[in-house]
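Protein chains: 2
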Amino acid sequence: MAGLPRNSAEVRAHLPGGRLAVGEDRPMRLDCGLELAPFAIAYQTYGRLNRERSNAILVCHALTGDQYLAGAHPVTGKPGWWEAVVGPGLPLDTNRYFVLCVNVLGGCMGTTGPSDIDPATGRPYGLAFPVITVADMVRAQKLVIDHLGIERLFCVIGGSMGGMQVLQWAASHPSQVFAAVPIACAARHSAQNIAFHEVGRQAIMADPDWCGGDYAVQGKNPSRGLSVARMAAHITYLSEAALHRKFGRNLQNRARVTYGFDADFQVESYLRHQGSTFVDRFDANSYLYITRAMDYFDLAAEFGGQLVNAFRNTPVRFCLTSFTSDWLFPTHESKAIVQALNAVAANVSFVEIESDKGHDAFLLDEPEFHRTLSGFLQGSAELIGLDR
Amino acid sequence: MAGLPRNSAEVRAHLPGGRLAVGEDRPMRLDCGLELAPFAIAYQTYGRLNRERSNAILVCHALTGDQYLAGAHPVTGKPGWWEAVVGPGLPLDTNRYFVLCVNVLGGCMGTTGPSDIDPATGRPYGLAFPVITVADMVRAQKLVIDHLGIERLFCVIGGSMGGMQVLQWAASHPSQVFAAVPIACAARHSAQNIAFHEVGRQAIMADPDWCGGDYAVQGKNPSRGLSVARMAAHITYLSEAALHRKFGRNLQNRARVTYGFDADFQVESYLRHQGSTFVDRFDANSYLYITRAMDYFDLAAEFGGQLVNAFRNTPVRFCLTSFTSDWLFPTHESKAIVQALNAVAANVSFVEIESDKGHDAFLLDEPEFHRTLSGFLQGSAELIGLDR
Numbered sequence: 001m002a003g004l005p006r007n008s009a010e011v012r013a014h015l016p017g018g019r020l021a022v023g024e025d026r027p028m029r030l031d032c033g034l035e036l037a038p039f040a041i042a043y044q045t046y047g048r049l050n051r052e053r054s055n056a057i058l059v060c061h062a063l064t065g066d067q068y069l070a071g072a073h074p075v076t077g078k079p080g081w082w083e084a085v086v087g088p089g090l091p092l093d094t095n096r097y098f099v100l101c102v103n104v105l106g107g108c109m110g111t112t113g114p115s116d117i118d119p120a121t122g123r124p125y126g127l128a129f130p131v132i133t134v135a136d137m138v139r140a141q142k143l144v145i146d147h148l149g150i151e152r153l154f155c156v157i158g159g160s161m162g163g164m165q166v167l168q169w170a171a172s173h174p175s176q177v178f179a180a181v182p183i184a185c186a187a188r189h190s191a192q193n194i195a196f197h198e199v200g201r202q203a204i205m206a207d208p209d210w211c212g213g214d215y216a217v218q219g220k221n222p223s224r225g226l227s228v229a230r231m232a233a234h235i236t237y238l239s240e241a242a243l244h245r246k247f248g249r250n251l252q253n254r255a256r257v258t259y260g261f262d263a264d265f266q267v268e269s270y271l272r273h274q275g276s277t278f279v280d281r282f283d284a285n286s287y288l289y290i291t292r293a294m295d296y297f298d299l300a301a302e303f304g305g306q307l308v309n310a311f312r313n314t315p316v317r318f319c320l321t322s323f324t325s326d327w328l329f330p331t332h333e334s335k336a337i338v339q340a341l342n343a344v345a346a347n348v349s350f351v352e353i354e355s356d357k358g359h360d361a362f363l364l365d366e367p368e369f370h371r372t373l374s375g376f377l378q379g380s381a382e383l384i385g386l387d388r
Numbered sequence: 001m002a003g004l005p006r007n008s009a010e011v012r013a014h015l016p017g018g019r020l021a022v023g024e025d026r027p028m029r030l031d032c033g034l035e036l037a038p039f040a041i042a043y044q045t046y047g048r049l050n051r052e053r054s055n056a057i058l059v060c061h062a063l064t065g066d067q068y069l070a071g072a073h074p075v076t077g078k079p080g081w082w083e084a085v086v087g088p089g090l091p092l093d094t095n096r097y098f099v100l101c102v103n104v105l106g107g108c109m110g111t112t113g114p115s116d117i118d119p120a121t122g123r124p125y126g127l128a129f130p131v132i133t134v135a136d137m138v139r140a141q142k143l144v145i146d147h148l149g150i151e152r153l154f155c156v157i158g159g160s161m162g163g164m165q166v167l168q169w170a171a172s173h174p175s176q177v178f179a180a181v182p183i184a185c186a187a188r189h190s191a192q193n194i195a196f197h198e199v200g201r202q203a204i205m206a207d208p209d210w211c212g213g214d215y216a217v218q219g220k221n222p223s224r225g226l227s228v229a230r231m232a233a234h235i236t237y238l239s240e241a242a243l244h245r246k247f248g249r250n251l252q253n254r255a256r257v258t259y260g261f262d263a264d265f266q267v268e269s270y271l272r273h274q275g276s277t278f279v280d281r282f283d284a285n286s287y288l289y290i291t292r293a294m295d296y297f298d299l300a301a302e303f304g305g306q307l308v309n310a311f312r313n314t315p316v317r318f319c320l321t322s323f324t325s326d327w328l329f330p331t332h333e334s335k336a337i338v339q340a341l342n343a344v345a346a347n348v349s350f351v352e353i354e355s356d357k358g359h360d361a362f363l364l365d366e367p368e369f370h371r372t373l374s375g376f377l378q379g380s381a382e383l384i385g386l387d388r
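So the sequences go chain by chain: R and F. Residues 1 to 388 (the numbering used here) are what the first sequence spells out, left to right. Residues 1 to 388 (the numbering used here) are what the second sequence spells out, left to right.
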């Protein structure tokens, strides 16, 4: 059985990057009706904020992402999750833009979440942490933006759950967002996606080491359950074609099947590895809370049941992208958003990228996708006078 | 925590239907190289075998199916899994055909599997049961067919893993099969499907009550792990459209979300129900063994790596069907089989049925599918002189 994750409370207390501490005197009201205080928001920045504070790009991360976009990750040592996109000369050019990413509320990379100490009890929150929403995540990000004195973001961008946050930003703070780039996402979580999340949560909760959410207090970690949750989710991030191309029915270091339950097939070995490395860096309760926030996301419901109401008279310029083989957030989900934006005559462009890499395509080497990002950002920069 | 399944050893010993006991003197050699003896094969029949013994239809069941096709199930009390297809006046017309279904080797509904007593130790096999293959399942079925004195099956039919068995029958015993109907299946299990199976197995094995496979001896049952496995698998049996149509984002007996981890959404409640009822009727080790048999299925590999070799000079008449929304066994898998059959000039028809019900469509009310079955069987019956 695996021990405690490398991403422990002690490690989290010394993570590199910015940290905004919000005191007890400034509680944040959450969608659930509860107030959160005190709490901390961890973020990382790349590039320099210009004098006018007009070149900021807020990157919103996905379910299991974090604020470390590029460079070696302080916990895993691996490259940042958007290394291909964020950096000098890359689509999110750090010679030009000030790129900022905030660990989401409920997360486990420095921003307050269920693994942190509940000041009311002096013990980790566990399930005493309030259930949060995508809108709550955006509220926390807004505090950081205000703290940095940024009146308007040049761009808010993100994929998957990050795209949900982008949509929420555009809907909640249209005058503070110049351009919005929601990637491979949806305006509401589908029944099938809720179902996959529920499987993951049940896998975690079925692990006796979850201890009703109190594993930190008990000195345990539901790593088996979290690993199964990650394995199930990981399949949904890929595509049948990508799995076939990468693994097919290839065997793992053996000439023939062993007639047993070892990882005979490469795809089994790969999945097990995905599960076992994930538990080192991610907190099981954070996984519960963040998946729940995604399930609850339904932007139209916040605006009287009509998605168009979320965007009426919006000044925001939108660029949406989806990927042909993404079956977690298929193209029709992006098209529904584009239709709502068209219905209110918003400024919107949409590109469906041909790719067999599935949902994870937005994290990978996809030249057409990167050209789309570069082109849209360049055009937007010219409009706002950032190219001077 | 759930107790022992209703489908206990005592219940299994008194199941209705036929039972072929194979003695220690007639060991069956398995693909893994081991021999199995003694063992029992449980089956159920519907309709009457005619004097010529020429009207037998062998139905091969899927992963979690069993021999009870129609009528109240002796363990669950629910209707048989092919109630819509097997019966008087239905496509598999029991006024006309002798319909037979055999619980697969490794199963848990009367045929010997890992939950049965290992004569070598006097205790349940657990992981001491040999790993079996689809070809081994067919070997066991063949013993029943021989026992009943049936020289040639009028038809072998089945969906999903049942379809794999149909293909194996046609390839291994072409002269003993007049017509073959593989439904919603593939000639080999895909990387994505192996991946989903591996998630289910890891969920079971992660449950401490699995006890390394020895739960029966320890008086335990890994019901939480098996339930998670079933939930994950169940999603793959449906389609995004079906889940959206049936559940969408509807809430379960509540007006608004509860900001918690209860089953707020109907789709969550439905999935949990699927998991919890499954563990009452199915054995966790059987789930491991049968999923493994499917993973190992690769008909071409048995025939020198070329699927055409499996069917060269085949006298069997084939009818294949797939369903447009089935993403577990998509249409391209059936087409690959049709292409191999065409390449050897076999007698083959193929129909892709328009349906939004996903893989499970073959179990449900699909009039076009049922018309296809009736038509093919009627034509085949006329050819063989069964209509007289």
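Simulated from the structure, these hints should not be mistaken for lab results. Note that the structure is a prediction, hence the values are computed from the model and not measured. Hints may be right or wrong, so weigh each one.
Simulated DEER-style distance windows between Cβ atoms [claimed, not checked]: (1) F:335 - R:255: 26 to 32 Å; (2) F:335 - R:379: 39 to 45 Å; (3) R:248 - F:217: 36 to 42 Å; (4) R:262 - F:152: 37 to 43 Å; (5) R:19 - F:8: 55 to 61 Å; (6) R:258 - F:335: 27 to 33 Å; (7) R:375 - F:335: 34 to 40 Å; (8) R:339 - F:332: 42 to 48 Å; (9) R:309 - F:218: 29 to 35 Å.
Where a beta carbon is used, it is the ideal one built from N, C-alpha and C, also for glycine.
Cross-check of the supplied hints:
1. F:335 - R:255: 26 to 32 Å: holds, 30 Å
2. F:335 - R:379: 39 to 45 Å: At 44 Å between Cβs, range holds.
3. R:248 - F:217: 36 to 42 Å: Holds, since residue 248 of chain R and residue 217 of chain F (Cβ atoms, about 38 Å apart) stay within the stated range.
4. R:262 - F:152: 37 to 43 Å: holds, 40 Å
5. R:19 - F:8: 55 to 61 Å: 57 Å Cβ-Cβ, so the 55 to 61 Å window holds.
6. R:258 - F:335: 27 to 33 Å: holds, 32 Å
7. R:375 - F:335: 34 to 40 Å: holds, 39 Å
8. R:339 - F:332: 42 to 48 Å: violated, 30 Å
9. R:309 - F:218: 29 to 35 Å: violated, 58 Å
The structure does not agree with the numbered hints 8, 9 stated previously, though it agrees with the rest.
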